[in-house]
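Chemist: Residues per chain are reported as follows:
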Amino acid sequence: MTEWLGLPALASAHGGQIDSLIGWTHVFMLILFVGWGGFFAYALIRFRGSRHPVANYTGVKSNTSKYSEIGVAVVEAILLFAFSIPIWAARVDHVPPESEALVVQVTGEQFAWNVHYAGPDRKFGRTDIKLIDLQSNPLGLDRSDPAAKDDVTTLNQLYLPVNKPIIVRLRSKDMIHSFGVPEFRVKQDAVPGLTIPIWFVPNVTTAEMRIRTGNPEFQYEIACAQLCGLGHYRMRGFVTVQTAEEFQKWMDAEEEKLKGESDVFK
Amino acid sequence: MTSDHAADIDRHVRVYITVFGALMALTIITVVVSRFHLPVPIAVSVALLVATIKGSLVACYFMHLISEKKLIYAVLMLTAVFFVALLALPAVTVHNGYWIH
Amino acid sequence: MTEPAAVAAPKPHIAHEVPHEALGFWRKYVFSTDHKVIGIQYAITGLLFLLFGFSLMMLMRWQLAYPGAALPLLGRLLGEARMPGGTMLPEFYNELGAMHGTIMVFLGVVPLAVGGFGNFVVPLQIGAQDMAFPRLNMASYWSFFLGGVTMLASFLVPGGAAQGGWTSYTPLSVLAGTGQTMWLIGMIFLITSSLLGAINFITTIIQLRAKGLTFLRFPFFVWTQFVTAFLLLLAFPPLEAAAVMQLMDRVAGTSFFLPSGLVVSGQVVAVAGGGNPLLWQHLFWFLAHPEVYVLILPGMGIVAEIIANNTRKPLWGYRSMVYSLVFLGFMSFIVWAHHMFMTGMGTAMAAFFQTTTMIISIPSVVILTALIISLWGGSIRFNTPMLFAVAFLPMFGIGGLTGLPLGLNVADIPLHDTYYVIAHFHYVVAPGTIFALFAGIYYWFPKATGRKMNETLGKIHFFGSLVCMNVVFMPMFLMGLAGVSRRLFDGGASYAFAQPVLHLNVVSSWGAWTLAIFQIPFIFNFFWSIWKGEQTDGNPWQATTIEWAAPSPPPHGNFPVAPEAYRGPYEYSVPGAAKDFLPQYEA
Amino acid sequence: MDIPYTVEVRRDTGLTNGKIGIWLFLASEVMLFGALFASYILIRTGAPSWPRGDTILNVPLATFNTLVLISSSVTMVMAWASLMRHRFGTFRIYMGATILLGFVFLVVKYFEYSHKFENGLYPSTNNFLAIYFTLTGLHMLHVFGGMMVNAYFLGPGSKLWKTNPEWFANRVEHSGLFWHFVDLVWIFLFPTLYLL
Ligand code: HEA
Ligand code: HEA
Ligand code: CUA
Ligand SMILES: [Cu+2]
Chain E
1 MTEWLGLPAL
11 ASAHGGQIDS
21 LIGWTHVFML
31 ILFVGWGGFF
41 AYALIRFRGS
51 RHPVANYTGV
61 KSNTSKYSEI
71 GVAVVEAILL
81 FAFSIPIWAA
91 RVDHVPPESE
101 ALVVQVTGEQ
111 FAWNVHYAGP
121 DRKFGRTDIK
131 LIDLQSNPLG
141 LDRSDPAAKD
151 DVTTLNQLYL
161 PVNKPIIVRL
171 RSKDMIHSFG
181 VPEFRVKQDA
191 VPGLTIPIWF
201 VPNVTTAEMR
211 IRTGNPEFQY
221 EIACAQLCGL
231 GHYRMRGFVT
241 VQTAEEFQKW
251 MDAEEEKLKG
261 ESDVFK
Chain S
1001 MTSDHAADID
1011 RHVRVYITVF
1021 GALMALTIIT
1031 VVVSRFHLPV
1041 PIAVSVALLV
1051 ATIKGSLVAC
1061 YFMHLISEKK
1071 LIYAVLMLTA
1081 VFFVALLALP
1091 AVTVHNGYWI
1101 H
Chain G
2001 MTEPAAVAAP
2011 KPHIAHEVPH
2021 EALGFWRKYV
2031 FSTDHKVIGI
2041 QYAITGLLFL
2051 LFGFSLMMLM
2061 RWQLAYPGAA
2071 LPLLGRLLGE
2081 ARMPGGTMLP
2091 EFYNELGAMH
2101 GTIMVFLGVV
2111 PLAVGGFGNF
2121 VVPLQIGAQD
2131 MAFPRLNMAS
2141 YWSFFLGGVT
2151 MLASFLVPGG
2161 AAQGGWTSYT
2171 PLSVLAGTGQ
2181 TMWLIGMIFL
2191 ITSSLLGAIN
2201 FITTIIQLRA
2211 KGLTFLRFPF
2221 FVWTQFVTAF
2231 LLLLAFPPLE
2241 AAAVMQLMDR
2251 VAGTSFFLPS
2261 GLVVSGQVVA
2271 VAGGGNPLLW
2281 QHLFWFLAHP
2291 EVYVLILPGM
2301 GIVAEIIANN
2311 TRKPLWGYRS
2321 MVYSLVFLGF
2331 MSFIVWAHHM
2341 FMTGMGTAMA
2351 AFFQTTTMII
2361 SIPSVVILTA
2371 LIISLWGGSI
2381 RFNTPMLFAV
2391 AFLPMFGIGG
2401 LTGLPLGLNV
2411 ADIPLHDTYY
2421 VIAHFHYVVA
2431 PGTIFALFAG
2441 IYYWFPKATG
2451 RKMNETLGKI
2461 HFFGSLVCMN
2471 VVFMPMFLMG
2481 LAGVSRRLFD
2491 GGASYAFAQP
2501 VLHLNVVSSW
2511 GAWTLAIFQI
2521 PFIFNFFWSI
2531 WKGEQTDGNP
2541 WQATTIEWAA
2551 PSPPPHGNFP
2561 VAPEAYRGPY
2571 EYSVPGAAKD
2581 FLPQYEA
Chain L
3001 MDIPYTVEVR
3011 RDTGLTNGKI
3021 GIWLFLASEV
3031 MLFGALFASY
3041 ILIRTGAPSW
3051 PRGDTILNVP
3061 LATFNTLVLI
3071 SSSVTMVMAW
3081 ASLMRHRFGT
3091 FRIYMGATIL
3101 LGFVFLVVKY
3111 FEYSHKFENG
3121 LYPSTNNFLA
3131 IYFTLTGLHM
3141 LHVFGGMMVN
3151 AYFLGPGSKL
3161 WKTNPEWFAN
3171 RVEHSGLFWH
3181 FVDLVWIFLF
3191 PTLYLL
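Protein chains in written order, with the numbering used here: chain E, 1 to 266; chain S, 1001 to 1101; chain G, 2001 to 2587; chain L, 3001 to 3196.
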């Protein structure tokens, strides 16, 4: 019901609820605008000075306006208590257990997104700002930590399996950034000093989306939505949603690469 | 103030002197109490309690709030409400719960 | 020291006031303490800043419509540091954006609406000779002026003006160049100016109102200024505190807003750390939400005056409007965090701030409804002020209604920080407030100058502006719904998902430039009418409120005899009365 | 042209303009310091550890300063009371004492500050010192401002006493309200910064 609003194609499990809230709110707004606007336009024409030379001191006597105001309040209350508050609660309070989800750490910096997977051991390796090197180790990951040995990091590219809850732990190294993926109906500021978890279930793979949109180059984009400096406009990342198998294949390949690298060091 | 008579003023002056004594005494008390190194919540409560008493004495007697007009009370009440909203602000932030260091 | 006999002795004549006529040019027109002169100073300065802020925006709109294209002629004039070869740098874009927001809000609309209209009209409407503290009033203007000069000068310092948006979010702004320091100092001046003004307005309205003018006989405009003054008085100081802290962070190396472990471009930032970036946002929005009502309330007041006058009937539901207004002012202090839904908010806080946000929309609905219903049964005159006032209603309606999805924080997830927000608030401030201010200028111009502005030019100005405003801002809703972020140097051109709506940028831009063309008749009309406009008597609109009892333009001291209020503010078309209006000031 | 109600009170409000004006100003000051206190609480509760004030700051000096400021509040109110008793001479003595005590406060503060700087303790050292310097610095500015106003009423401003004693007494009262407020702020600053 929200095509008419021109929202981006939807690709997450919870997004439908958000869309329908936006849709219904806009329907409500339109009704109000048309109702009030109709009355307004009619009054302007009907009571123009040339047609209605003597004004009426009392004007409207009915209580309709009072009822319509109460009506507005009631509808707002419904939108609020029946939809917005419960959906939000589900977003922040009912985060699925980490065992059932894929946990990814995403760290914003001027002007890139650093993606950090825990790897097969499901433990994130230690990071230390002293180890940060802009080129080779932007996260300051301490590879000597056993938990870090199998950690996979990528730049501006998030790979996700389809239909699996994803928990993104958002952080920032410098400014406030905002992690927004329009198709997932996800947006959250990354505030330096805080780690803020968000979760969602992507339910359309990139490949499916390419067919659906008829665009063979389609990519999910991460758009930084908070002014973070000169390069804010180009702080763009990509999300590739794959089937579980494809995702696993990619992950295995990354692990192979890591092994190869550590062999070189030995 | 035109209605104040000399006798009134003399009475006021006696009040000022008394309040002065009380403020001095309370100042010493806070400092002494702080020497005991009470547990933090108690220390904070005591210190703020004493400060509030002192503050109220200053406001009520030196600033004559005790006998001020309704309008001034209204302004101050309004300010007090928003002041509380402002002091609630830290609570709003910290209890987001994600703060790490 | 000789002591006077008694304090209560009859008051001797005070010889501190020189008769106004004897004052020289400087004291009369520049360092004046007369509320009308100060009001006009504020208004003119505010209008010039509006024009300047608009010009900044027209430059930005070039870059948004044609990213990376060199701007003919003007581009090169702006210099290599800003537009090398005529092509805009992202630094400069961010400067323009931050300064457009700051200038429009703090140096354009507030000075014009509160400093200009408030100063000029309020004392007249309550039948006072002047403001309660005339010298404070002058200080307030000059503090504003200094703030404005500081802001303008910041364009010239190395590194240019502030680039962190009008919101100056930390840590970005703390780690920015000198322009940000100038911004903070400028803000401190502006805040001080508003505080002095607010004290003056509240005192004046309470103390100096004419005999018989009870609070419920106030013109609605006076009420809006009264509530606005309270918002300024109590919401501005926290931002002043925040500005001081940010200044400390910048110049004294403290870290109120800088957390530990910041790494910028691979380098660890050498500060003590332990601060909280969200603290700034809280303090900023604690001011800035009430501030948006500061932007709109005087506008609503102007519109109410003009609608009553030109429908020739009383405002419908005056009392409920007043109560709603007071309630709105009160609530505006506890909705601030709806600008921060995406900063990581727990369920309880989110529920609280959403609920207050929905609640605060109700009084706006009540006021707007009352204004629309007031049209019913009128005998409507469509002069220029009325056209602007009437157009305000649906335009504010669009802006206000689109605030609702933003206030529901789930709906805000996709919309936050997109062009939808930009469109929302521009509908309330541009075709909303700016239209109300235009209406006020056309309406009170005869009071200030003794001459009317030209109607034909006024109508060209009105219809042109109405169409263009919608051409500028309506497309932004669509861009926002499509997910295009605000504050993008290239207008979203690098994002694939923005491609289907990118052409709308061009539409908006041409709308903005055409809008500028339609301001020319206004500017011409404004200056031409000062000298050549049609002369009028004291009360050209046959209005009822007390400002029309004074001669036009009112002399120093305003009223030949102190006016008295005998009835409510809008006694138009009273059945059985001899003429269709019964002024408040006629017995 | 004279603005009404500068000297006599308006009947329905029972107040003069100046009285309302100064209280409104103080209301805004409450919000100013309120924001700083809120920031203090926020930063302190968010910090992993926080020093007790008396481990860094000089409590005896500050106690002395507290007593000084309280005394100056008394002399201020006595200065006003002297005007009410038509004793201009005593007014001058009390007003002089108020300014002097304010000066003593600033001098003590100067020594406190320079002692900190000598020991390498700056606002940038840690957040405790940051908030300490910001709050006390802003407070000192207020003390300084109050002293200037009081000095004006002791000096050139006192001419008004001859022509319009009531108005003069009102002005001194308003300046006193500000002075007491500055005292009041210190009463809260002292325990929060030094003792907790
Ligand atoms: C004058 C300024 C003004 C006004 C009045 C408002 C009014 C409202 N605003 Fe707006 N707002 C801003 C200025 C304003 N706002 C600005 C500047 C920003 C962005 C700041 C930034 O980030 O830079 C902003 C941002 C903003 C946000 C944050 C969005 C985000 O960043 O994600 C939110 C969220 O709740 C919001 C909500 C509201 C609401 C619920 C109202 C309500 O008060 C509206 C109530 C009004 C109505 C409901 C209309 C009723 C009228 C009718 C029903 C009649 C219709 C008439 C006819 C048809 C004739 N606003
Ligand atoms: C009161 C506030 C106000 C007003 C009136 C306006 C008016 C306008 N604004 Fe602005 N705007 C903001 C406040 C305002 N804006 C803010 C706060 C931001 C956010 C900044 C940020 O991101 O931090 C913003 C951002 C903003 C953006 C987004 C930039 C981005 O995100 O990158 C855009 C884009 O088009 C825009 C456009 C416009 C346009 C075309 C107008 C037009 O409507 C302008 C119309 C102007 C006039 C009609 C002037 C009339 C004056 C005269 C004619 C003078 C006459 C003179 C004499 C007689 C002497 N504004
Ligand atoms: Cu990162 Cu904008
Ligand atoms: Cu708001």
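Simulated from the structure, these hints should not be mistaken for lab results. Any given hint might turn out to be false.
[Unchecked claim] Which stretches of chain L does chain G cover? Using the computed rule of at least three CB atoms under 8 Å from a CB of chain G, they are:
| no. | segment |
| --- | --- |
| 1 | 3051 to 3065 |
| 2 | 3096 to 3105 |
| 3 | 3130 to 3143 |
| 4 | 3183 to 3189 |
[Claimed, not checked] Calculated cross-link-like contacts (lysine to any residue; reagent style SDA-like; alpha-carbon spacing at most 20 Å):
| no. | chain 1 | residue 1 | chain 2 | residue 2 |
| --- | --- | --- | --- | --- |
| 5 | E | 123 | E | 102 |
| 6 | L | 3116 | G | 2271 |
| 7 | L | 3159 | L | 3002 |
| 8 | G | 2028 | L | 3108 |
We treat Cβ as the ideally placed atom computed from N, Cα and C, and that holds for glycine.
Chemist: Compare the structure with each hint and give your call.
Modeler: Results for each hint:
1. 3051 to 3065: violated (count 0)
2. 3096 to 3105: Violated - the segment 3096 to 3105 of chain L has 0 residues with a Cβ nearer than 8 Å to chain G, which falls short of three.
3. 3130 to 3143: holds (count 5)
4. 3183 to 3189: Violated - the segment 3183 to 3189 of chain L has 0 residues with a Cβ nearer than 8 Å to chain G, which falls short of three.
5. E:123 x E:102: holds (11 Å)
6. L:3116 x G:2271: holds (19 Å)
7. L:3159 x L:3002: holds (19 Å)
8. G:2028 x L:3108: violated (46 Å)
In summary, the structure is inconsistent with hints 1, 2, 4, 8 from the numbered list given earlier, while agreeing with the others.
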